[in-house]
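Colleague: These are the residues of each chain, in order.
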Amino acid sequence: MAVTAGPAARAQSDTNAAPPPPRVTHIDSDSADFDGNGHTVTYCGHVRVSDPAMNLTCARLVADLPEAGGRPSRIVAETNVVIDSTDSKGQTTHVTGDQAVYIYNVQNGVTNETVTLTGNPQPQVKNAQGTMAADVITWDRANNGYRFIGNYHMVSDQNFSVMTDTNLPPANTSNLAAPKINSPASITNNLAAPK
Amino acid sequence: MKMKWSSAVRVLSVFAVLFVSGARGPAQPGPVGHARDFTSVEYYDAPLNQTQMKSRLSGAETQPLPGGLLVIKQLKLETFTTNGSPQAIIKAPECTYDMQNGRASSAGHLQLQSGDGKIRVEGDGFLWRQDDSFLTISNHVHTVIETGPEMNTGL
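So the protein sequences, as listed, match chains L and D. In this text, residue positions in the first sequence follow this note's numbering: the first is 1, and each later residue adds one. In this text, residue positions in the second sequence follow this note's numbering: the first is 1, and each later residue adds one.
No lab work stands behind these hints, which were simulated from the structure alone. This one's a predicted model, so the numbers in the text were calculated from it and none came from an experiment. The beta carbon of each residue, even a glycine, is placed where N, CA and C say it ideally should be. Mixed in with the good hints there might be a few duds.
Unchecked claim - A few chain L residues that don't get close to chain D, going by computed Cβ distances all over 10 Å:
#1 V24
#2 G36
#3 V136
Stated by the list, open to error - A few chain L residues that face chain D, going by a derived Cβ cut-off under 8 Å, partial list only:
#4 A18
#5 P22
#6 R23
#7 H26
#8 D28
#9 S31
#10 N37
#11 Y43
#12 E78
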């Protein structure tokens with residue numbers, strides 16, 4: 001019997017391939033409130049959201065649910081927000097903040113999807129490029145980039161150097177705290193993984 | 001750097017549908033006297049087919065208490081869409097329903113799941129208020145959402 005090969009056989013094989021397993025997301029919390037009139041879900045106390053690509057922890061998570069159904073337009077995670085994610089290339093990102101606000105909407109056919117981190121201590125994003133912090137960090141998920149507003153600073157983990165601005169005195173590299181940069185009003189950092 | 005944030009987002013929205021439509025069930029009129037192995041069925045109103053079940057409430061035992069309370073043991077509430085597909089299933093080993101105030105509560109376990117079983121919520125201790133459609137699960141809340149790859153929003 002001949003061994004089948006080539007596109008036809010591959011197509012047959014694909015047809016017979018078992019469907020990929022479902023993606024499972026778990027949400028754990030101490031308590032939860034489901035407001036049918038207000039169309040919100042509130043998870044309180046030791047909130048943990050996990051799925052194969054992302055883990056989120058916080059003290060309180062509130063999701064506004066569209067009355068007509070569909071994707072929530074706004075989710076607020078509060079207090080000690082920590083997000084650990086892994087992209088399709090295996091790169092990890094560690095995000096922390098006091099508050100994270102997720103916004104989703106479509107206007108004139110354009111999808112706007114952002115996660116804005118604020119609070120005290122400063123929100124931070126740590127990935128292969130280093131650790132970046134600012135007063136406000138907006139993660140533009142639609143365009144896969146970050147925007148840093150106010151008191152931006154970055155510490156590279158790759159070469160152990162500290163980025164400084166020439167308007168500042170030389171950085172004291174023995175000081176583990178990264179100096180702040182006289183940055184423009186905002187800094188956009190597109191961190192899309194190279195293809 | 002695509003985080004799967006919105007997988008949870010998507011789940012919450014589906015869960016809300018489950019909750020809003022399904023959790024109304026305990027407040028539906030049910031048996032009010034002592035009964036064993038009972039089943040109470042509610043049908044859709046016209047113009048839908050009036051033999052189309054809207055919900056089915058069953059239990060191992062009901063026991064009326066003073067003050068308009070009704071204890072239901074082994075509560076199981078099933079809700080159905082207008083085309084007859086299962087929409088949600090709610091289970092509680094024991095539940096006290098306040099008929100005057102339209103509240104259902106228990107210190108025990110509560111399980112909710114969507115009709116296809118892909119969304120499941122459970123916890124210990126709950127209060128359902130009919131007047132403002134508000135459900136609180138007090139302890140150990142655990143939600144599981146299964147989404148197929150085709151449902152992945154790519155976020």
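Colleague: Each hint should be assessed against the structure and marked as holding or not.
Modeller: Each hint tested on the structure:
no.	hint	result
1	V24	5 Å, violated
2	G36	3 Å, violated
3	V136	18 Å, holds
4	A18	12 Å, violated
5	P22	4 Å, holds
6	R23	5 Å, holds
7	H26	6 Å, holds
8	D28	5 Å, holds
9	S31	5 Å, holds
10	N37	5 Å, holds
11	Y43	7 Å, holds
12	E78	15 Å, violated
The structure does not agree with the numbered hints 1, 2, 4, 12 stated previously, though it agrees with the rest.
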